[in-house]
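**Student:** Letter by letter, the chains look like this.
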Amino acid sequence: MVKREELKIEPGEAVGIVAAQSIGEPGTQMTMRTFHYAGVAEQVPTGLPRLIEIVDVRKEPKKPLMNIHLGPKLAKDEAKAKEVAEELEEVSLRKIAEIKESFAKKEIYIVVDLELMKYEGLEIGDVEKKVRNTGLGKVDVEGETKVVLKPKSASLKNIRRAASRLGDLHLKGTKNIGRAIVLKEGDEYYIRTGGSNLEEVLKLEGIDQGRVYTNNIREIERVLGIEAARNAIIFEVRQVLDMQKLDVDTRHIMLLADAMCTSGVIHSVGRHGLSGEKASILARAAFEETIKHLINAAVRGEEDKLVGVTENVIIGQPIPVGTGTVKLTMKRGKKK
Amino acid sequence: MAKVMAKLRRKRRRSAVPRPEKCTVYLNGKLIGFHQNGGELAKQLREKRRSGALSQEANIAYFERTEECFISTDSGRARRPYVVVENGKSKFTKELSDKLKKKEIGWEWLIKNGVVEYLDAEEEENTLVAIKEKELTPDHTHLEIDPVSIVGAVVGQLPYPEYNSSPRITMACAMAKQSLGVYASNMNLRMDSRAHFLWYPQQPLVQTSPYRVLRMSERPAGVNMVVAITSYHGYNMGDGLVVNRNAIDRALMRSTFYKAYESEERRYPGGQKDRFETPDATVQGYREEQYYRHLGDDGVVVPESDVQAKDVLVGKTSPPRFLEEVSIFGITEEKKRENSVTVKSGEDGTVDAVLLSESPSGNKMVKVKVRAARVPELGDKFASRHGQKGVVGLLVNQEDLPFTKDGVVPDLILNPHAIPSRMTAGHLLEMLGGKAMSFYGEIGDATAFSGDTADRFRKILEAVGFTSDGKEILYDGITGEQIEAEIFIGVVYYQKLHHLVANKMHVRSRGPVQLLTHQPTEGRAREGGLRFGEMERDCLIGYGASMLLNERMLKESDKTSELVCGKCGGIAVHDHIKNRSYCPLCDETTNLAEIEMSYAFKLLLDEIKAIGIFPRLVLKDKA
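Going down the list, the protein sequences come from chains A and B. With the first letter of the first sequence counted as 1, position 148 gets the number 148 in the numbering used here; the numbers rise by one all the way through. Plus 1000 on top of the position in the second sequence (first one is 1) and you've got the numbering used here.
It is worth saying that the hints were derived from the structure and are not from the lab. Source: prediction; values computed, not measured. Beta carbons: idealized from backbone N, C-alpha and C, even for Gly. The reader is advised that the hints may include incorrect statements.
What the hints assert, rightly or not - Restraint-style ranges between C-beta atoms, simulated for each label pair:
#1 A:Leu116 to B:Lys1022: 39 to 45 Å
#2 B:Lys1177 to A:Leu246: 39 to 45 Å
#3 A:Gly178 to B:Ile1131: 54 to 60 Å
#4 A:Lys305 to B:Leu1585: 21 to 27 Å
#5 A:Asn231 to B:Ala1610: 45 to 51 Å
#6 B:Leu1585 to A:Met32: 50 to 56 Å
#7 A:Met32 to B:Glu1399: 42 to 48 Å
#8 A:Met32 to B:Asp1455: 42 to 48 Å
#9 B:Val1501 to A:Met243: 43 to 49 Å
#10 B:Ser1421 to A:Met243: 25 to 31 Å
#11 B:Pro1512 to A:Met243: 50 to 56 Å
#12 B:Pro1512 to A:Glu277: 36 to 42 Å
#13 A:Arg192 to B:Glu1522: 55 to 61 Å
#14 B:Ser1421 to A:Arg192: 39 to 45 Å
Stated by the list, open to error - Quick list of in silico lysine-lysine cross-link-like pairs, PhoX-like style, CA-CA up to 25 Å:
#15 A:Lys278 to B:Lys1620
#16 A:Lys82 to A:Lys157
#17 B:Lys1609 to A:Lys278
#18 A:Lys305 to B:Lys1471
#19 A:Lys172 to A:Lys100
#20 B:Lys1364 to B:Lys1335
#21 A:Lys292 to B:Lys1609
#22 A:Lys172 to A:Lys118
#23 B:Lys1335 to B:Lys1273
#24 A:Lys157 to A:Lys146
#25 A:Lys305 to B:Lys1555
#26 A:Lys331 to B:Lys1620
#27 B:Lys1273 to A:Lys327
#28 B:Lys1602 to B:Lys1559
#29 B:Lys1559 to A:Lys327
#30 A:Lys305 to B:Lys1559
#31 A:Lys278 to B:Lys1602
#32 B:Lys1567 to B:Lys1602
#33 B:Lys1620 to A:Lys327
#34 A:Lys305 to B:Lys1620
#35 A:Lys292 to B:Lys1602
#36 A:Lys105 to A:Lys150
#37 A:Lys100 to A:Lys129
#38 B:Lys1602 to A:Lys305
#39 B:Lys1273 to B:Lys1364
#40 B:Lys1609 to B:Lys1620
If we strip away everything but chain B, and leave its shape as in the complex, we get (with noise of 0.2 Å):
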């Protein structure tokens, strides 16, 4: 790059008139040198790119207003390819676009021809460019490889983006991601803490190119599924989805669900360490025998063992936490202290796969694979490839849904109110294409700007006897009478979402308390309770339900008794040993009584005495 400004300049110093040097000349955002005329040098520069003199990579931009020129060669821009234009004509040719189908030049041949070139930012703003090669003017500078390129790599997969609204499309995006399917193609060899797989997945009847480009066939993530846009008794009210039972019975959308689990054996020290085993019935902390059944000899499970809550996975005994006194015979036995991995609460399934192997810090490691089924159930969440999500709300035996004329039962039916406040009109026109690809058995192209037309569509709808519209005359599968409107129907991808409820399922009467409060735990994971808050409270305050409240707020909660010093105000305490209760204060033996408390009151008496002050309880008569 230095050589080549050195000639330019070189050249401007024979000049026959000099010039004031109005141009600043910027290479990689410092200051090389002036140029009397900038946007000459921006052009020869470029031109020398493209002649392949100059590098490929780097990028000029000229900017008039200020008189500047910066030459971007660093590592780290963004840079994006377009054809080159020139005089309004593309310089992809028709002959250039023949020999590449052909496969007689490539990709790197219309780079280093000058066909393609990658722009940075900076230089895009010199550059005015057609989305369409029709639109070409001598004005153009550039054209875009293909209008679909103007949106990302997720937006470009989802089908007719261009009719739906941009929340929407957001939206569609961000479920794209929490879609399951085939999420790596090496997943039997995987460990993944949480994985999902759909069984049976399917390629879109409607695709995009960046989708093909992508080879997201290879790995698919949702079915192509029979909607039908109506009601169904009120089960699909707002973004409720009505699901037909027996299409689930025929492994519509079931997935597998893999949760990894881990354990080591891990040194401390003083040369003691984790051991793998069946643990010893004699060792502290021994879970009940039954617990133990699924291990083998190393003390790992056996894989496709059936396995349920509180089993253990892998048998692990550790040394105890605090080290033994040396007793008067010698060493004594070591004691050893249960430390199992086990299948958490709630959950259950078969074990998939176990691992041996070394952590990283270099200790014997077992993982863990359990897989379990996932059916399509109450409150799992789908959505299709328009942000149109939804919570199946009922699922109904084939027989009690409607069925068009041919006997075709949708899969799912969608509220018609979801269409038209959101202005996904893609999802109408994805239905309609799904319907007539999956009759004419080809796959349909959805591309942004340029996918097929609704024309195409109705005429293969009509020449397969179809209606165009995509309406269909339906019949109640429970009266078997005639609805009496015509109800659009048709086929859309389809992606079940990873919110499902067996994995968010939570309900607790009894359980985990915590130790410093004595209140119930938080969160599922915990076993937790749920909070009765502030404004639960209040509701139950302004009912007057008073006894209801103390029971929630204590009795269900964390409610202690506490020895209270009748002389002093102060908490009394409990010999066990001695059999004698005492005021630690005052010494008073005789005047203490047992108060009924919230164990946090007495914890915010003891955060009390902490800060400096002494709150006394002043004991009276209950009158």
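Just chain A, same shape as in the assembly (with noise of 0.2 Å):
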């Protein structure tokens, strides 16, 4: 007991700037050592890189992965779990198919390769029925490989617009979903997929829906809500230090994850976010963007009631941190 309330913060400690020093330090050493460190190229970004990735809250990471658990029906089977990472794999058009414009004819042209497509488990017919869900145009089907488009539109922008949207056409799999791998474990058999789609994979059907990992702390937000996305970064924050042998404390971390999560959407670390959007008017102003945030705050009308720390270094007050948490009250006598 003693020791627990020994362990507590007291009021007015600055957690947030010893947080910031603390993850900021052992980061700058990071940036040193990995200038230094020769040899294997990384696939996923690590260090400083994938940090910043984090903090920024990027769309997508630059390599975006899952892992995906499975149930307990499959995890010992290594052929099934093959099965399931092959129904994964996204196949678009593009994979299987040589897509030709013909500008002359005003007609494209989709000649599938054949070995390809048997191996996806596909027939023409189900490119057929593909393109012409697309609603881009008339289709018909000439021999055994080729489909042929009329567009629609036959300006000669539209189909090559046309033409690159089917590439990209969707025709089997999990959309987003590049590589699936199988990979194993101590004598369990997981699956690991270049790509992400957290919401399709949650629906299949065999995996052990717990365990489902991705990078993307943005898709975990969307589907699994803001707590999920804490969690994640806290998680992804501390591979990150872990890797590199970096002992920062986990509560410095869960305080980045706080700060970023506390209102309930993500926000970055930064202009855009954490500290764009400070009460004090004059706090943003001294971070970046001055002019805009003084004119913004005179065309409102706003008041800044220097409650924070920047606000009060400015003005030349004690800061309401540490020592300048304290005040004295005093009863006065009789007023003269």
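Quick one: dock chain against chain with the hints and give me the complex.
**Tutor:** Structure below.
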């Protein structure tokens, strides 16, 4: 009990600054070390680039990936796992067919590779149907390998656009999942995918929904909510720092994640996020885009309550942190 | 050139079978014609040049791949000499060498007779150059005059550069330019704004041939020091140097620092001008009397007077900045303004020389040179010629330094960690060479690629009774005990670099502030403060040291007190004449409060007003 009380942070402690310094200092070391780190080309961004990715809350990580663990029935069976993996892999039209444009005849030809198509378990009819569903124009099948599309509007621009859209046409599998391979951990098989689609993967049968992992934090926020996203941020930052053997207390990272998530949606660290949305005008103006903040504040007739640290440093008052939190109240005698 | 070309062209016309002209010929970048055999053309032109029919300054380059022949005679090409090689034999023969030694022939003769020729970058492309005569094969076209010539004038002066890693060579070159020595043979007459002069400079014990050619021993910039490679109580960690204090007392690496001050009797529009004189006490801005004590009758310091900071070197009065109104009594006596030149803060010395002359604009001008001795002290920078720089970390009395069986005490102790990772083996070789040469009484040769070998030094050392590896048994100067390890000790040429503590040291407890921000000035020259930056601020916040932060950022910086209008929130003013405070915006006189703030904040408010926003300060009682 005593120990726990001792561990509590005291009121007035500048936890934010301490957290920032505690993550920032080893981060600087990390940059310097990676500069001198020769060797393996990294497949997934780690180190500082990944850390920046996380705090900037990019739409999608540079290399999104998922780990999908399988349910008890499939986990021990490599063949079954491979089946699931194959089902997952996205097959787009570009992958099995060549798309040619004929500007003279104002047609688009889709020549499928029979072998590839067969391997993916598709038929020319499926392709025809999918192409027709796009509603781009009239579709015909010529011979065994050729699908002809006559676009509705035959302007050159539209033909070009239709052709490039056809390339991305989704035929089979889960969208955004480029590759899926089966890996083994202990005596259990699991699937690692390149690309991430949490929403669809969670709907799959036979997998262990509770252990699905993706490194796409934005996706986690959208599908599972803000609390899951907060945990994801903590997990990802931890992972980056652990990989470099940097010992940073989890609570600093938790504070960072909390700061990013308290508003209910993820905010990036920086101009467009945390710093750009501080309550104080002076604090915002001191950070970046000074004039913009001052003018907007003037237009709205805002008032700065001077409760934060930066504001008080600017005007030259003791800051409301640490020893500055203590105020003396005194009963005065009768007014003179 | 055109004549020769025309001749060659005529020759071609007469040839029996006309062949397609495939090679384009350029003279100084301009297309001047075609030739059916560019290689042959180039060959013939070169022969003509070597025989003296063509100018020695012409260069011919032929590119087989593109079938182009470039003839260059224009100015601005970098050219360098090579010995001509024909059939694998150098044209510079033994006989010529002997003749040259006897001074029967000279450099000009060699060039005129096609023994040596200058090539430019383009012609160089057609050559195969041997670096040493031994390497010559029939394919070679030229021979380097000396292997050392593949490096430049600066690297050429470094001893044994081929034993050092290239980054260290680069650093050694950069540092050699910062070394103190005899910088010009007319230095006594010069008035450089800053100059250094090393006392008792020595020529290195181990020299190179470019060093001799450039006659650098006549303006040396260093001293041969006895160096031991070992540790000394941790005072030479991280490129620190431990230096023998007694050696410094014997004037090792002492130098003089000269600084020249300048002043001019400037003329102003309206016929007024400055005047060199000892200002009268009535002059505006008169300093205390003591500061003028060194001035002579002409208002200029007397040579050899010892001056301190703030002392006036040249007394000067200037006309006032603004013209005064003419009073009723006619022309008033003109008020003058003090405008003397003083010794800068933190500096002192002796007036070395005074120069009276005329400025480029034709005014009377004075230059005063002040000299001061610079004795090596903690923090001064030294470097050998191998990119091994260091800063003095400790001065030790001779009796506390280790000594050899002969009683030799090192001048300097270098940390062994400075060697392996930097791979400056040349430093060690120079130590060995310097040691050997100091006993042999000769100058060693450390020219790149051809210098004396370590074996030569080893033999000499053995002959005079040392071990051939340069290591010696040393005895601890403090305890007198023999040091367990044998210690490498030798003689290295060290340079004193012009980064001297005395010229950089800076402290401030109070001082000038800037006019605009009321914050302390910046930089040593302006007696400035040290910036308490954002990250330092963050640290105090992190500690929760609110009051300390407030003291740093406000009280020690730009604290001001401003009247704030409680009614409109603007800044109010106090009229000292009428002794009345009021708000210039709303004329409020009673509801005004004196608020403490940083001047920077007041300035911010003014600037916000300047962009058209009215910031109001809302006042509240302190809770």
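**Student:** Which earlier hints can't be squared with this structure?
**Tutor:** Hints 1, 16, 18, 27 contradicted; others consistent.
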